[in-house]
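Chains B and Y are the protein sequences, given in the same order. Going by my numbering, the first sequence opens with residue 1, and the numbers climb by one from there. Going by my numbering, the second sequence opens with residue 1, and the numbers climb by one from there.
No lab work stands behind these hints: they were computed from the structure. Worth double-checking, as some hints may not be accurate.
Identical chains blur together in the list; that is why a pair holds if it fits in one copy or across any two.
As the list claims (entries may be wrong) - Here are the simulated EDC-like cross-link-like pairs (lysine to aspartate or glutamate), alpha carbons at most 20 Å apart as the crow flies:
1) K25 <-> D159
2) K147 <-> D230
3) K250 <-> D274
4) K147 <-> D274
5) K250 <-> D275
6) K171 <-> E2
7) K250 <-> E268
8) K114 <-> E268
9) K251 <-> E268
10) K147 <-> D91
2 protein chains.
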Amino acid sequence: MEPIRQLGLVGCGLMGGSFALSLKKKGLVTHIIGYDANQEAMDLAKSMGVIDSISSSACECAQGSDAILLAVPVSATETTLAAMLPALSNDTLVMDVGSTKQEVAQIALDILGKRNLAHCFVPAHPICGREVSGVQHALSDLFERKKVILTPHAALDADPAAAATRLARAKDVWQSLGCEVFVMSPQEHDATFAAVSHLPHFAAFAGLLSLLHQTQGLNYMQFGGTGFSDFTRIAASDPVMWRDILLSNKKEVLLQSRLLRQQLELMESFVAADDGVALQACLSRASAARAEWPRKKCSE
Amino acid sequence: MEPIRQLGLVGCGLMGGSFALSLKKKGLVTHIIGYDANQEAMDLAKSMGVIDSISSSACECAQGSDAILLAVPVSATETTLAAMLPALSNDTLVMDVGSTKQEVAQIALDILGKRNLAHCFVPAHPICGREVSGVQHALSDLFERKKVILTPHAALDADPAAAATRLARAKDVWQSLGCEVFVMSPQEHDATFAAVSHLPHFAAFAGLLSLLHQTQGLNYMQFGGTGFSDFTRIAASDPVMWRDILLSNKKEVLLQSRLLRQQLELMESFVAADDGVALQACLSRASAARAEWPRKKCSE
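Only chain B is shown next, with the shape it has when bound in the complex:
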């Protein structure tokens, strides 16, 4: 791909730092200017060589950048986009890395739309682990062989040429970093990840809490084996990040949680009725599907 002349990195954490290091490693960027509300994080990124220069605001960071990565918490997106709006031009590519997409796509449409620059923003969600945080854990190969989902807003269909150009550029960038790129609507994205990521986290948190609320809960926990360990591992995830994700994807999360409760209730009714046939049919279907995952693709 044609290298990025200047990347504006807004948010110098694990994701932003890894994006910067990945581009540098592959020689796909000439200069990286960074900004972080946390001065220490920004200085560390500079001293590690993750960014080449620092800036005093999101707006200054955007100034003159042909590509901008927003790697800030979802809750900071609106303020940040508004701050950098004056510095954007018609050709700028702006992307984020958040775990939910409908909210951010709408925010970008509202804010960038004021200057008819909504086509500049391509919402992105790279699917990769985040057990640790901070630029000190940034990796130059974090995105290699990972999936990334791009979710252009349907409203951009009004200006298909500009939107298509920006989307093609975004694809180019992620593919150059070793990603497999998928394109879907923000709605489709949020429904998908509510099902395979947000609900599992929500249920793992709930499972732990249900145990903790029981008088003997901590006693019980000492007998947990590998099944318990795996099932609850994601309950150790960052509470603030997950609060934001769950609230940001409220409608889909509530739907998935309700569907899970209904399924639990149905299976409870089989157990209560000693209906071994119906129960085994449930368990067999789940077991077979899980055993063949992840080979099962939508095209099969």
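Chain B is already provided as a structure; the job is to place chain Y on it using the hints.
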């Protein structure tokens, strides 16, 4: 410990075979006579040297054995115990290896009680993985550094001396195999494992099914990452074994599933109300508890 003169191994599968190999490796048994309803499994156990001789019935297998391990499905326990009853003597140690204990403890009490031999039976539950099955996967170190729970029936308090002798012998055997031995009531055991094992399995099965019932479920699944993978791993478990476990521990499983649904509903109400404070408090408590597990013990 004083070696076993003759072990009667009823059920020559992974668990039974591993028990036999472990005793042999440590020189703790002189002769092992095996029985399995499946002739092939029994022949394989003999040809592998897991057992020294074969028998034609559970009763013949019990005849002359000073220790007997019942390593059959929970659903076969009643018939098997009844079949071997005539061959038991006052000194025989009989143990099982099932994942639920109230049912089996009661069955043993009823059947062995007919000859006043209820004290011979010490229900045992070794906590170790079972991703594979069959004697060909038996390991001589399967029980090393694992927990085993012994659950003598409270009714045996009527004859405390005989029960204590048998329990001490059972402890001796498992400790000699490298196990950490815990003693609790069958009720306490089933409540504990409903919480840390049966419910996680039940919920993992339900989570998978909930997804499979959705039109886009298989599409969604292809975007599942490591969180989804860990959360659902145990949904690939053996459906027949888990049908039996869930039905055998019905009351406790239903309680745990109801508590999980209530917790989900509570957290849903926080999400629905955009109550970030309450939601974060939940997630933080769960996250902290999971992060410090398994160091958290009941005595702390």
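Status of the hints after comparison with the structure:
1. Taking identical chains as interchangeable, the C-alpha atoms of K25 and D159 are never at most 20 Å apart, the minima being 35 Å within one chain and 75 Å between chains.
2. Only between protomers do K147 and D230 lie at most 20 Å apart by alpha-carbon distance; the minimum there is 18 Å, versus 23 Å within a single protomer.
3. Only between protomers do K250 and D274 lie at most 20 Å apart by alpha-carbon distance; the minimum there is 8 Å, versus 36 Å within a single protomer.
4. When the C-alpha separation of K147 and D274 is checked against a cutoff of 20 Å, the pair qualifies neither within a copy, at 43 Å, nor between copies, at 30 Å.
5. Proximity of K250 to D275 under the C-alpha cut-off of 20 Å is restricted to the inter-copy arrangement: shortest distance 11 Å between copies versus 35 Å within a copy.
6. Within a single copy, K171 and E2 get their C-alpha atoms as close as 12 Å, which meets the 20 Å cut-off; across copies the closest is 71 Å, which misses it.
7. In this assembly of identical chains, K250 and E268 lie within 20 Å of each other by CA distance solely across copies; the values are 9 Å between and 27 Å within a copy.
8. In this assembly of identical chains, K114 and E268 lie within 20 Å of each other by CA distance neither inside one copy nor across copies; the values are 53 Å within and 35 Å between.
9. With identical chains, the CA atoms of K251 and E268 are at most 20 Å apart between copies only, with a shortest distance of 10 Å across copies and 26 Å within one.
10. Taking the shortest alpha-carbon separations for K147 and D91, neither the intra-copy value of 26 Å nor the inter-copy value of 63 Å comes in at or below 20 Å.
The earlier numbered hints that this structure contradicts are 1, 4, 8, 10.
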